[in-house]
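Could you use the hints to bring the two separately framed chains together as a complex?
The lines below spell out each chain.
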Amino acid sequence: MKPAVIKFLLKLPSPPSQVCLIVRALETCVVLIRIRQLNMAGDKNSAELNLSLEQSDDEAPEEMNFESARNEALRRVKSALETAKREKEQLKEKRRKRQELFQEQKVTLLLHLCTGISPYAWAVFCDDDDDDLLNVCIPLSLMETVTVTTAKQQMSYQQQAAQNFLHSRFYGPESRRTTNNELLSIQNKKGPNKQAAAQFVKKNWGKWHLREQGEKSTTSGHKSEFKPVTG
Amino acid sequence: MGEFKVHRVRFFDYMPSGIRALAFNRGTERLAVARDQGSVELFNFPDNYCQEKVIPGRDGRSVEALCWVGSRLFSVGLDGLITEYDLDNLRPKYTVEAYGGPVWSISCNLEGNLLAVGCEDGTVKIFEVLDDRIQFQRNLDRQKGRIISVSWHPSGTKIAAGMMDMIRIFDAETGHAIHRLLVERGVGTAKNREVVVWSLAYLSDNTIISADSAGKVQIWDGLTGTLIRSHYITKWDVLALSVAHDESSLIAGTSEGTVVQFQFLSSGEQQDKEWIRTRTFKNHTHDVRALVLTDIAVVSGGMDTQLVVRPLLDKVEKNTAESALRKIVFPFKSLVSCAKKAGLLLFQFPDHLEVWRLGESEGYGKPGECLLIKRKPEKLIHLKRKGEDHICSSALSPCGSWLAYSTTSSVRLYRLQHSGNNISISKVSKLPKFLCSAHQLCFSPDSTKLFASSTQSSVIVISLGQSECKYVHTLATKSGSRQPVHLLAPSEDGKWLATANTDCEVHVYNLNKLKLHCTVPVYGSCPTAIAIHPMTSNLVIVHADKQVFEFSLGQKEYTEWSRKLQKQGLHPHWLERDTPISHIFFNPKNSNHIIMHDVYMLCVIDQSLPFPDPKTRLYNQMSLRGLPEAERVRHSHAFKICKSFQDVLSVISLEDQSLVIVERPLLDIMSQLPAPVLQKKFAT
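Those protein sequences? They're chains A and B, same order as listed.
Counting from 1, position 84 in the first sequence corresponds to residue 84 in the working numbering; the numbering is continuous, with no gaps.
Just so we're on the same page, the working numbering is the position in the second sequence counted from 1, plus 1000.
Simulated from the structure, these hints should not be mistaken for laboratory data.
Just so it is clear, CB atoms sit at the ideal spot from N, CA and C, and this is done for glycine as well.
Incorrect hints may have been included.
Unchecked claim - Reference listing, derived: stretches of chain B covered by chain A, where coverage requires no fewer than 3 residues with Cβ under 8 Å from a Cβ of chain A:
(1) 1075-1082
(2) 1187-1193
(3) 1666-1674
Said to hold, decoys possible - SDA-like cross-link-like pairs, simulated, lysine to any residue; straight-line CA separation at most 20 Å:
(4) B/1680 / A/182
(5) B/1681 / A/179
(6) B/1191 / A/165
(7) B/1235 / A/170
(8) A/190 / B/1682
(9) B/1282 / A/179
(10) B/1235 / A/176
(11) B/1680 / A/176
(12) B/1680 / A/175
(13) B/1191 / A/166
(14) B/1681 / A/188
(15) B/1680 / A/186
(16) B/1680 / A/178
(17) A/190 / B/1681
(18) B/1235 / A/172
(19) B/1235 / A/168
(20) A/189 / B/1668
(21) B/1144 / A/165
(22) A/194 / B/1666
(23) B/1282 / A/188
(24) B/1680 / A/170
(25) A/194 / B/1681
(26) B/1386 / A/155
(27) B/1282 / A/186
(28) B/1282 / A/191
(29) B/1191 / A/168
(30) A/194 / B/1682
(31) A/189 / B/1666
(32) B/1235 / A/173
(33) A/190 / B/1282
(34) B/1144 / A/159
What the hints assert, rightly or not - Every beta carbon over 12 Å from chain B, so not counted as near; a handful from chain A, in silico:
(35) 68
(36) 74
(37) 78
(38) 80
(39) 86
(40) 96
Next up, chain B with everything else stripped away, as it sits in the complex (with noise of 0.2 Å):
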């Protein structure tokens, strides 16, 4: 296989935020997940739950429920602002005040003409939704407290509004409260404290759903103003409730990290149907705070920052990929930047960036052996950002000279001088001014250009100087596609520059004339890595629904190898992982290797040897290595996968062909969360 050198970095103290609402878009598949330190990312449902696109956050902004309208995207938040989200530029594209204080929630009616938020001040504000912003309309009638939770029924007539200790029905025509439905407390201690009604749904046959405080989920008749049935259903809070689109089932989430399914089902061939207690999921540790309820899965998001989706048993195929349970736990998006030729390391963090010298070893080992360490990395710089805006993207030079980080508003360059052991950092104070902001950011190998995804899926050429870093070239697509650059993968002989888009189209553009040299046919999925071999100029693709391309850039078609794998087919196994592969780099030792990865795993491709049988195991390194010589070479096949590193964010080679694998335990992550409900166990 390969003998590899490993700098194991586990001092990256990457803290994923917890989720704080999720909202669903049927007609797109789309799933839009907003996260406690304000960003919102994008979820391709059907394309094996990729994670399309982040908005980053911004301090001060605060998101506390989202909704989409048709194709739009909207959410409010406790600094009284509702925003509408650009979905092409990956930001916000106005926001509105809504005059009431802090907006707690947000409903469109079924029409989708008219958003209703509630607010801090005891207001119910109509807006209406136009073509390109959204126009105050008018306030439904003045309560005393704050409005928590609002649903509109589907006919448009009414909305349901959560309060303290209550819930009020409103004519949405006239603006009055047509009933108001009295929240019970909860026992004991818990009765001198108010019961906050944190979510609510209004079905079509006029009964609302009710989820509070003291643990309980609520049936009420909206017509009569009475509640139909109770159910305890936890000691603690009920956060979060979903109802299915056909109303035959709902989910509510607790803050033991439980969702609850009831279902509308009659309990007997004569009895009238009822709302149900059904299943309990266990899936969180923490507070569940968001939940949807798609057609054939319970999705769940909370403060441990998991997003799980669990497929229904009764609505897909038992034991196949599609019904296993996911939890999506790390972005997508690679947060770590590597000097190749300099060994530092580049962490992206919200607000800040770390750039750390990796440490050195001495002597050689046997595999799986630890090896002395001579140098311990250090932090060499923490560089804080300027501005709100969060940090969106940023990248390391491969020389370690130059850093550059981007936020929605500002991209900014620095130069890194070295000096021994001493390093120092100067801000480039003139560049381009249309380069506002970059999705992605990549340096050439050599250190002279930097390519930054801009608007329109172009990418923007500038060159490096010692006195001036000067525009180049913008580099533009003939699709006409909209959708921002994701990936950049520059050759190493700075002659191409490979790039996708979220409309899964691949682009080849050639950097000695600047201009596109040819376009990979298009694929349905979303290309989740690409690279460029070094010696052949194969274009290797992988997408995220785990199929592998390679591409001739000299003959501008599929290669061989390529058309051979497809034929065949990938493994099973290979196609049941559930975790992108997030990075493809190449062996300088041999070209027949392509080493790629995701966050369970490392595979080394030999295009030398055979495709894997799919009857055959496909992790067989372990047997492998049981074997005498001569069997080993009639058993080997061409995926050779270790699964010795595990959370891994990402793994980067050098370029004394050692590689660095940056883990982030879970263990870690998960020891550092916000507290958890305190729940005795027997016999612990």
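Chain A on its own, in the form it takes in the complex (with noise of 0.2 Å):
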């Protein structure tokens, strides 16, 4: 028998033999179960009801009274219901366990995370006071896959459509705009002093010698975007 399955069967009593039981469940729904046709291998009672079937073909079939018939049902719904029940204790077990394991996990995290500070990378801190992320350092060196974000106020959809309205008549497709790359470069070309559209931003800017390794590196102080012009 399947016990989550149990199939609704409707059907008006014609042949006179045929015993037609109406149980209520437990809930709403009202089982008409047609003794005859449910298919009980396995079960105790339909081994048995198999076996009185096989030793006299030609009887009539044994007559059950409808107590029996109807504790039987209700036996078989109780078991069903009682599996489901289990089924979900089982997942809910599963489930608290898997966040147990998370908390653990992220808990050997932070240990493993906090264990000493690079000179030479920043570290970045969260000011938190309501979390266990407390004046914790974390150093970039072994920050490898974890990323770090502030959780934001949620923007509602109206503003947010708001300002996509306004992106898209400043920003869209026809709106026609260029770089600032091309602005500055239009500039030199059309200014007092007209210079070639490239070198506007000083990249050698702030070249830094490094005594030890005796040799020069170059890095500028600021982080300016920078694509040469063409055409």
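Below, the structure written as structure tokens:
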């Protein structure tokens, strides 16, 4: 018998030998069981019934009284419900265990990260009193796959839609905009001291000369984007 | 003069925010400027366009429009709120939900008792302005489509509302729509896109002026609901309009960065007056989103973040300082703090703070040379702020062990521990509860006290200790001023604290006795920098109108030098500079030197030398260098100005007598602005 699936058959009793039983289930549905139609494999009673059927094919089937049939149906419904309940409990247990595992992993990750501070990597601090992450220094060199983000206030969808409207009017596909690089290069070309279009951000400003290594490393003090303009 | 080793710092990635809205108060002559990030700034126009106050923004707060009602300031934004600001305590006073979705515009009637707001849901809502709040009165007839702009007729009987593809005129009393003016869409591909009426103006002769996204300024007859004239002024959007108070001229701002002026003139003797396009100003590189036409100037602001004041030459005297073009680029308030003994810099951003250690150089060189660097500057700490309010002030103690910052809702204090090359930071949890916000923060030179500027022009003193930080005292003025204290200057010996507020008052407190020592006589201009000389204990004050004063704390009167300077008067070129002095400091090697700077120059005032003659050159350093020694002495004067450094945000002197100059080249800012419109220029 399939416990999770109980087929509902609603048919008027035509042959006189069929007994239709109406069993009120625990919830709201009404189950109409035709004893003859149920496949009772693996069940004691069904075994008995089968045996009895096998024993005498010519004889009329054994008559079950109303009491036993009703009890049988009730028992079956009860066991179905119990199995469903057990499965639910099992799933719940599984979920709880998974949650615990994640919590444990989180703690071990934190412990792993708080081992030291690298002198040449700056540390990001999340100023958050309400959490376990009180005043923790997280060295960047150890942060490979962890990303720390602050939960921002959700903007209402209307405000977002309004901003999208503004953005599409200013920067949408029909806005005919160019880049700041282009603007600056035109200024260079048309200015009083005509210069090359490309050279408006001095990348070599602030060249560091490192004494120990004795070599020149070019790092500029600012991070502007720069694309040479052609044509 | 003096020789200084200079740390030139360009790693402060300061990005100003674009200007979203402007509103001018004719009565108090204050300009309110709203930025994209949600902050609101107040400029005092008569006092040399001094940036008086800054109300910090907040994550999620958006400001789309500003409106003055008397001396009260209101704003609306896409968050659906109407906000009134407390201009004494520099924070929003309260917010009112409009319940119409995002709010696009706000306009006040002539009497100043009703506000009309245009909402996303198609309603124009009327609010009554009461003494301490605003109250919803009613809705006008709801329309299909968002209301982008609103304008009251001066009589208060009609309201014009700019929407998508049309303008509606409402009867303000009944709330019904009287006229519908259809606005033509653009040509070509723009025909498929709705045209947005970005701005409107309703004049007293029932003319309506509209500015739309198809690049036109249209003149309508409000009585008949018909179009009089269309002016095509740009291929892009016309984003802003402003009409003069006497309704004789108006200006329109475009996405190209141009501002076009129209004047109500008659083209001939017998002709009627009509709106005729006159001047075009091109002072911006990016979209102009906000405009104000005052009696004498065109004030514009937009996505290139610069506030431009262009005096109209037919209203002011030509070739004077008054007629010069002004571009206000950098904030007046200092965003850089320095731990002078530890060689650390603190940079303030709206959402985080950065602590950097300065690099080290070696060797010596001649003036103008670059020295070799043996250690690069490095970023030590990146501290994200807590909560959604933007950071309004911050400070680093001279020893580098304490860091404090404030938002409008909280003040936070941190302890920095240095161990060799490593640095760690820990929060000080217990602070006095009433210290909830500070407009300005400052540590004492010996790092034992924190001064926080609080309400009612008072300053809270907190003592810092290893175990706990205790409240010591609140230094209050007797003047009853409610304006915030924006400058704090403790003396090196820890005895005095000088404060200045936006009511132009300068007070000096005795920190040993914890009471007011003296008040400097009020001078009509706002102080922009104050400092106490470490040796003479003279207080040096520089005002927004460029005047320099020296006040003796011992004698409680102006010094002899100061009186002489006032008698002679400052050099005209000094007075013509258009950026305020933001820092004053002194030279430990020479007690006659007072060093100060503004955005474009560094000046060493030598009190032992004579004052410059108004007829001679002020900027004479270059010419002096060319003269022989003997000649130099004859031509030298007290104001030695160096212009080698440009776009200077801050100049600080360290304990080892080197200078730190934090520059922010405008080119770097410009390369990170939003995209400008594509303008094809001939031969490029």
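Comparing the hints with the structure gives:
1. Beta-carbon proximity to chain A at under 8 Å applies to 3 residues in the stretch 1075-1082 of chain B; the threshold of 3 is reached and the given coverage holds.
2. Only residues whose C-beta sits within less than 8 Å of a C-beta in chain A count toward coverage, and the stretch 1187-1193 of chain B has 3 of them, enough to reach three; the restraint holds.
3. With 7 residues having a beta carbon nearer than 8 Å to a beta carbon of chain A, the stretch 1666-1674 of chain B meets the requirement of three or more and the stated coverage holds.
4. Only pairs whose Cα atoms come within 20 Å are accepted, and residue 1680 of chain B paired with residue 182 of chain A is accepted, the gap being roughly 11 Å.
5. Restraint check: the Cα-Cα separation between residue 1681 of chain B and residue 179 of chain A comes to about 15 Å, which is no more than 20 Å; the hinted pair holds.
6. For the given pair, residue 1191 of chain B sits about 18 Å from residue 165 of chain A by alpha-carbon distance, which is consistent with the 20 Å threshold.
7. Annotation: proposed proximity of residue 1235 of chain B to residue 170 of chain A holds, straight-line Cα distance about 13 Å (limit 20 Å).
8. Of the pairs offered as hints, the one joining residue 190 of chain A and residue 1682 of chain B holds, with about 10 Å between alpha carbons and a cut-off of 20 Å not exceeded.
9. Between residue 1282 of chain B and residue 179 of chain A the CA atoms are separated by roughly 19 Å; this keeps the pair inside 20 Å, and the hint holds.
10. Proposed proximity of residue 1235 of chain B and residue 176 of chain A is supported: the alpha carbons are some 10 Å apart, at most 20 Å.
11. Of the pairs offered as hints, the one joining residue 1680 of chain B and residue 176 of chain A holds, with about 11 Å between alpha carbons and a cut-off of 20 Å not exceeded.
12. For a cut-off of 20 Å, the pair hint linking residue 1680 of chain B to residue 175 of chain A stands: about 14 Å separates their Cα positions.
13. Distance restraint check for residue 1191 of chain B and residue 166 of chain A: the Cα-Cα separation of roughly 18 Å lies within the 20 Å cut-off, and the hinted pair is therefore satisfied.
14. With a C-alpha separation of about 13 Å, the suggested pair residue 1681 of chain B and residue 188 of chain A falls inside the 20 Å cut-off, and the hint holds.
15. With a CA separation close to 10 Å, the supplied pair residue 1680 of chain B and residue 186 of chain A stays within the 20 Å bound.
16. Restraint check: the Cα-Cα separation between residue 1680 of chain B and residue 178 of chain A comes to about 10 Å, which is no more than 20 Å; the hinted pair holds.
17. Straight-line distance between C-alpha atoms of residue 190 of chain A and residue 1681 of chain B comes to about 9 Å, which keeps the hinted pair within the 20 Å bound.
18. At most 20 Å may separate the alpha-carbon atoms for a hinted pair to count; residue 1235 of chain B and residue 172 of chain A meet this at roughly 16 Å.
19. For the hint linking residue 1235 of chain B to residue 168 of chain A, the alpha-carbon distance of about 17 Å falls within 20 Å, and the restraint holds.
20. Straight-line distance between C-alpha atoms of residue 189 of chain A and residue 1668 of chain B comes to about 19 Å, which keeps the hinted pair within the 20 Å bound.
21. Straight-line distance between C-alpha atoms of residue 1144 of chain B and residue 165 of chain A comes to about 16 Å, which keeps the hinted pair within the 20 Å bound.
22. Pair hint residue 194 of chain A plus residue 1666 of chain B holds up; C-alpha atoms about 19 Å apart against a cutoff of 20 Å.
23. Distance check on the hinted pair: residue 1282 of chain B and residue 188 of chain A sit about 17 Å apart at the alpha-carbon level, within 20 Å; holds.
24. With a C-alpha separation of about 18 Å, the suggested pair residue 1680 of chain B and residue 170 of chain A falls inside the 20 Å cut-off, and the hint holds.
25. A distance of roughly 15 Å separates the Cα atoms of residue 194 of chain A and residue 1681 of chain B; the hinted pair therefore holds under the 20 Å criterion.
26. For the hint pairing residue 1386 of chain B with residue 155 of chain A, the CA-to-CA distance comes to about 18 Å; that is within 20 Å, so the pair holds.
27. Restraint check for residue 1282 of chain B and residue 186 of chain A: satisfied, since their Cα atoms lie roughly 16 Å apart, inside the 20 Å limit.
28. Pair hint residue 1282 of chain B plus residue 191 of chain A holds up; C-alpha atoms about 15 Å apart against a cutoff of 20 Å.
29. Distance check on the hinted pair: residue 1191 of chain B and residue 168 of chain A sit about 16 Å apart at the alpha-carbon level, within 20 Å; holds.
30. A C-alpha spacing of about 15 Å is found between residue 194 of chain A and residue 1682 of chain B, which places the hinted pair at or below 20 Å, so the restraint holds.
31. This hinted pair checks out: residue 189 of chain A and residue 1666 of chain B have alpha carbons roughly 18 Å apart, not beyond 20 Å.
32. Using a Cα cut-off of 20 Å, the hinted pair residue 1235 of chain B and residue 173 of chain A holds, with the two alpha carbons roughly 16 Å apart.
33. As the CA atoms of residue 190 of chain A and residue 1282 of chain B are separated by approximately 15 Å, the hinted pair is consistent with the 20 Å bound.
34. At most 20 Å may separate the alpha-carbon atoms for a hinted pair to count; residue 1144 of chain B and residue 159 of chain A meet this at roughly 18 Å.
35. With 12 Å as the threshold on Cβ separation, the claim that residue 68 of chain A sits away from chain B holds: the shortest Cβ distance comes to roughly 68 Å.
36. Annotated as non-interface, residue 74 of chain A keeps its C-beta farther than 12 Å from every C-beta of chain B; the closest such distance is 58 Å.
37. Here residue 78 of chain A stays apart from chain B, with its beta-carbon at least about 55 Å from theirs, past the 12 Å limit.
38. Under the 12 Å C-beta cut-off, the non-interface status given to residue 80 of chain A relative to chain B holds; the minimum distance is some 52 Å.
39. Look at residue 86 of chain A: its CB is around 47 Å from the nearest CB on chain B, clear of 12 Å, so calling it non-interface holds up.
40. The claim that residue 96 of chain A is not at the interface with chain B holds, since no C-beta of that chain comes within 12 Å of its own (minimum 33 Å).
In this structure, none of the earlier numbered hints is contradicted; all agree with it.
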